[in-house]
Amino acid sequence: MNSIDWIILFVTLALIVTYGTIKGRGSKNIDGYLLGNNSLPWWNVCLSIMATQASAITFLSTPGQAYEDGMRFLQFYFGLPLAMVILSVTAVPLYHRLKVYTAYEYLESRFDLKTRSLAAFLFLMLRGLSVGITIYAPSLILSTMLDWNINLTTIFIGSLVMIYTVSGGTKAVSMTQKYQLTIIMVGMIIAGLTAFYKLPKNISFTEAFQLAGVMGKLNLVDISFDLTERYNIWSGLIGGLFLFMSYFGADQSQVGRYLGGKSVGESRLGLLFNGLLKVPMQFIILYIGILVFVFYQFHQAPVFHNQSLKDKAMQTEYAGAITALESEYDKVFTKKRNEAESLVDAIRKDDPILIEQGRKSMEIIQGTEKEIRSKVKEQIAVAIPGSNTLDKDYVFITFVMAYLPHGLIGLLMAVVFMAAMSSTASELNALASTTTVDIYKRSIKKDGDDYHYVKSSKWFTAGWAIFGMMFASIANQAENLIQFVNIVGSIFYGTILGIFLSAFYLKYIKSNAIFIAAIIAEGVILYCYFFTKVAFLLYNIIGCLLVVLLGFIFQYIENQNTKKASR
Amino acid sequence: PSKWTSWYWFVMIVLAVQIVAYLLITNSFQ
Numbered sequence: 266m267n268s269i270d271w272i273i274l275f276v277t278l279a280l281i282v283t284y285g286t287i288k289g290r291g292s293k294n295i296d297g298y299l300l301g302n303n304s305l306p307w308w309n310v311c312l313s314i315m316a317t318q319a320s321a322i323t324f325l326s327t328p329g330q331a332y333e334d335g336m337r338f339l340q341f342y343f344g345l346p347l348a349m350v351i352l353s354v355t356a357v358p359l360y361h362r363l364k365v366y367t368a369y370e371y372l373e374s375r376f377d378l379k380t381r382s383l384a385a386f387l388f389l390m391l392r393g394l395s396v397g398i399t400i401y402a403p404s405l406i407l408s409t410m411l412d413w414n415i416n417l418t419t420i421f422i423g424s425l426v427m428i429y430t431v432s433g434g435t436k437a438v439s440m441t442q443k444y445q446l447t448i449i450m451v452g453m454i455i456a457g458l459t460a461f462y463k464l465p466k467n468i469s470f471t472e473a474f475q476l477a478g479v480m481g482k483l484n485l486v487d488i489s490f491d492l493t494e495r496y497n498i499w500s501g502l503i504g505g506l507f508l509f510m511s512y513f514g515a516d517q518s519q520v521g522r523y524l525g526g527k528s529v530g531e532s533r534l535g536l537l538f539n540g541l542l543k544v545p546m547q548f549i550i551l552y553i554g555i556l557v558f559v560f561y562q563f564h565q566a567p568v569f570h571n572q573s574l575k576d577k578a579m580q581t582e583y584a585g586a587i588t589a590l591e592s593e594y595d596k597v598f599t600k601k602r603n604e605a606e607s608l609v610d611a612i613r614k615d616d617p618i619l620i621e622q623g624r625k626s627m628e629i630i631q632g633t634e635k636e637i638r639s640k641v642k643e644q645i646a647v648a649i650p651g652s653n654t655l656d657k658d659y660v661f662i663t664f665v666m667a668y669l670p671h672g673l674i675g676l677l678m679a680v681v682f683m684a685a686m687s688s689t690a691s692e693l694n695a696l697a698s699t700t701t702v703d704i705y706k707r708s709i710k711k712d713g714d715d716y717h718y719v720k721s722s723k724w725f726t727a728g729w730a731i732f733g734m735m736f737a738s739i740a741n742q743a744e745n746l747i748q749f750v751n752i753v754g755s756i757f758y759g760t761i762l763g764i765f766l767s768a769f770y771l772k773y774i775k776s777n778a779i780f781i782a783a784i785i786a787e788g789v790i791l792y793c794y795f796f797t798k799v800a801f802l803l804y805n806i807i808g809c810l811l812v813v814l815l816g817f818i819f820q821y822i823e824n825q826n827t828k829k830a831s832r
Numbered sequence: 049p050s051k052w053t054s055w056y057w058f059v060m061i062v063l064a065v066q067i068v069a070y071l072l073i074t075n076s077f078q
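Protein chains in written order, with the working numbering: chain A, 266 to 832; chain P, 49 to 78.
Just so you know, these hints were derived from the structure itself, not from any lab.
As a list, the in silico SDA-like pairs of lysine to any residue whose alpha-carbon atoms are at most 25 Å apart:
(1) A/625 x P/76
(2) A/657 x P/74
(3) A/364 x P/52
(4) A/527 x P/52
(5) A/527 x P/56
(6) A/527 x P/54
(7) A/527 x P/57
(8) A/614 x P/76
(9) A/640 x A/629
(10) A/614 x P/77
(11) A/527 x P/55
(12) A/625 x P/74
(13) A/614 x P/75
(14) A/527 x P/53
(15) A/625 x P/75
(16) A/614 x P/73
(17) A/614 x P/74
(18) A/614 x P/72
(19) A/600 x P/77
(20) A/625 x P/72
(21) A/625 x P/73
Simulated DEER-style distance windows between Cβ atoms:
(22) P/72 x A/374: 45 to 51 Å
(23) P/71 x A/646: 36 to 42 Å
(24) A/651 x P/71: 39 to 45 Å
(25) P/72 x A/636: 30 to 36 Å
(26) P/53 x A/294: 36 to 42 Å
(27) P/53 x A/597: 53 to 59 Å
(28) A/788 x P/53: 39 to 45 Å
(29) A/588 x P/71: 43 to 49 Å
Some chain A residues near chain P, calculated using beta-carbon distances under 10 Å:
(30) 474
(31) 481
(32) 484
(33) 538
(34) 540
For glycine and all other residues, C-beta sits at the position ideal for the given N, C-alpha and C.
Using the sequences plus the hints, can you model the full thing?
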C-alpha cells in the first residue's frame, strides 16, 4: 500500500459513509426508519439483497476456495433460484398485504404472541452472535494485511457502519448498498482481468480455461448422491433450497430488504433477479480464483499465503527449516512452469495423449508442492503455537497486494471494507427492527409515539453494533467460538423455517401445537450438535421437518382432547 | 388468482440451462 492506495481507500470509505448519512436524513417516523417509506425500485431491492448476502469473507474466501478445491462450491447456490420463486409466490404478497415491519410480526396474526416472540428471540440469538463474526472475520485479514491492531480494525469497521445505520435506518442501508455492490464487482473483475493479463503473452483466455479444466479445477457439478457431502448437486438443490428459504423468508436481515420495495411486484422482481444473478455472480468470483491459480502456474506462488504469520515464524529458531523448504519449493516451481508450458502446447495441438501425459506430470508436481506446503505449515504451527495455519482466505488478497498496480490495491482494500460494511449494516438494521417491533414495542412499552420508537430503534442499532464489536474482540481469543458461530445459523434456522412453513401452508396447525413443536425441535437440534456427528447442513432439514411433524401430532392430540371435553 | 408465472418459469429455466452447461464443462474434462 502506498499513499495513492491509502487515499483511494479512505476517500471511498468517506464518500460511502457521507452518502449514506445524507440519504438517510428525513427518516423521522417509524415507517421511514424501518421500511424506508417503501420507496425502493426492484433493481435496488435486488442489489440490496445481494450486498447483504455477500459478506467480506465471500470475496476473500471464495477465490481461495476455488484456488485450492476447484469450482464445486458453486453447487451450494443451486437451490437459491428455486427458493426465490417459492418466496415470491408466498411470503412477499403476504408480508406486503399485512404491512408488517418484520417477518415475525406476521406470526402473531397467524399463531399468537408467544410463537412470534419465540421466533424473534431465536433470530436475535443467531444474528446477534453472527454480526460479531461478520465484522471480525474481515478485520482479522485486513489487520494482518495492513498491519493494524485487530481490535482497532474491528472498532473502525463497526463505527463506520454505525454512523450511517444509526442516523438513517433502512433507507441509508439500502441506498449505500447499491454503490457498495457496484464498487465490489468492479474491483473483483479488475483483479480477475489482472491475473489473466499477467499470464504469458501467448496464452489465450480459452487456453487458460482448458488448462484449469485439465488440472481438475472445473469440477462444477457432481451428480453422485450423498447428502452428507456438502458439495454435490443434490445437497445444493435440496439443502440449499431449505437454507435459502429460511435465510430469505425468515431472516429479518433479508426480509427487511424486500419489505422496503415499492410494491409486491417490485419486491418480487428484486428477489427473482437475485435468483437469476446469484449463481453467475458466484461463478465469476470462483473463476477469479481459477485465474489466480492459472497465473501461479507461470509465476512463483508464495509457499505460505499469510505472509505476516510466516514473517513472525521467521523470527524464531525454525527460520532455517522454513528457508530450506522454501528453496525446495522454488526448485519445484521451475519444473512446474516448464511442464505447464508444454501442457499448454499439447492443448494447442489438441493431442489427447500429450495432454494426458502433461496432466499426470502436473499432478505429481502438485503433490510435491502440497507436501512442501504442509511441512511449512507444520513448522509455522510449531514456531507460533496456537496460530491458524489455514491460509486459503489469504490467497486472493496476497495476490492483490503483490501483483495489482498501486491505486487498484487501494480499490481492492476498499472492496473488502465495502463488503464487510454492507452485510453488517443489514444485520444491525434487522436486529434493531426486530428488537423494537417484536420485543420492545409489543411487550415492554406499548404506548410510545412514533418519535419515541424511532429514537429507541437508533439506540438498539447502536447497542447491537457495540455488542457485535465486543463479541468480535472476544472471538479473537477463542477459535472454537468462531467455529460455533459459523454453524449457529444451522442450529436455529431449521426451527424458524418450520414455524414459517407451517404458517404459510399448514392451516391445520394452530398456535399451541406449533409452539411446543418448535421448542422440542430446537432441543433435538441442540442435542445433535452437542452429542452426535450429524452433518450441519442436515440440521436445517431435520429441524424444519420435526417442527412440521410434531406440529401435526400435537394439533391432532389437542383436537381429540377438545372433542372429548365437548362431549 | 397469471402474469408472474412466466417469470417463475424463466428463473427456473435459466437455472436448468446453467446446470446443464456446467455439467457439460465438468464432463468435458473427465
